[in-house]
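K.L.:
Sequence:
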Amino acid sequence: MGFLDTLLGRSKPVRPDLDRLFALPTAAVTLEAATGLAPTGLGSVCFRAAEGAAFAQLQRDVRELLDADDGPKVELSTDTYGYTWMLARQSPDELAGLVTDLHAVNSTLEANGFGPHLLCSLAGFQGPDGQRLALVYLYKRGTFYPFAPLPGEKRDNALELQVRGAVGADLPFEDDLGRWFPVWGAPGL
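Each residue of the sequence shown is one higher than the one before, counting from -7 in this note's numbering.
The set of hints was computed from the structure by calculation and includes no laboratory data. From a predicted model like this one, the values you see are computed outputs, not experimental measurements. Take these hints with a grain of salt, some might be off.
As the list claims (entries may be wrong) - Cβ-Cβ distance ranges computed for the label pairs, FRET-style:
| hint | residue 1 | residue 2 | range |
| --- | --- | --- | --- |
| 1 | D168 | L57 | 23 to 29 Å |
| 2 | Q49 | A161 | 40 to 46 Å |
| 3 | K146 | R171 | 17 to 23 Å |
| 4 | R55 | D9 | 22 to 28 Å |
| 5 | A26 | R147 | 35 to 41 Å |
| 6 | R52 | G28 | 37 to 43 Å |
| 7 | G134 | G157 | 32 to 38 Å |
| 8 | F14 | L68 | 41 to 47 Å |
| 9 | E67 | P120 | 40 to 46 Å |
| 10 | Q49 | G28 | 41 to 47 Å |
| 11 | D53 | G144 | 37 to 43 Å |
| 12 | A96 | Q123 | 38 to 44 Å |
| 13 | A48 | L169 | 21 to 27 Å |
| 14 | G44 | V21 | 28 to 34 Å |
Here a beta-carbon is modelled for each residue, glycine too, at the ideal position from N, C-alpha and C.
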């Protein structure tokens, strides 16, 4: 970063660190103890699909990698904004396995030159009262934030802040609350 960049307030973008996803199982233990929210076994990766045979083959390869003999663990869907979501399923007590699956999808896309197409990944949680929560990893920022939807496309901001306070030492949280984007209807939530 040069002198002019410093003077004009520009900074280098944060490099994504996919290994930060592996902190989720530890954070989940803290989260459950503090709030009662437990993993659901659902998680997803969101990306902008690219055109062409190479990307289509890559999607097939990722599905084959993650699908088990006892049935598919991966589902693809497209949201209203045109983003593709790859939903992965594991047993709720296998969060580490789910994180490994999410990491594999992200790493495969990144290693094949599609890193700029990655948007976010999330792991789903649910409370005893049915409250849902996602811990969302922003790929381009290398940070997490909580998203707690309520009926009617509203958010439980108090719960989101409580979650940040509870697991903020376990995960690198996004400091800019304006980047805590809602992911309404995200698979895995």
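K.L.:
Tell me the hint numbers this structure goes against, listed in increasing order.
P.N.:
Result: hints 1, 5, 7, 8, 9, 12, 13 and 14 break, sorted rising.
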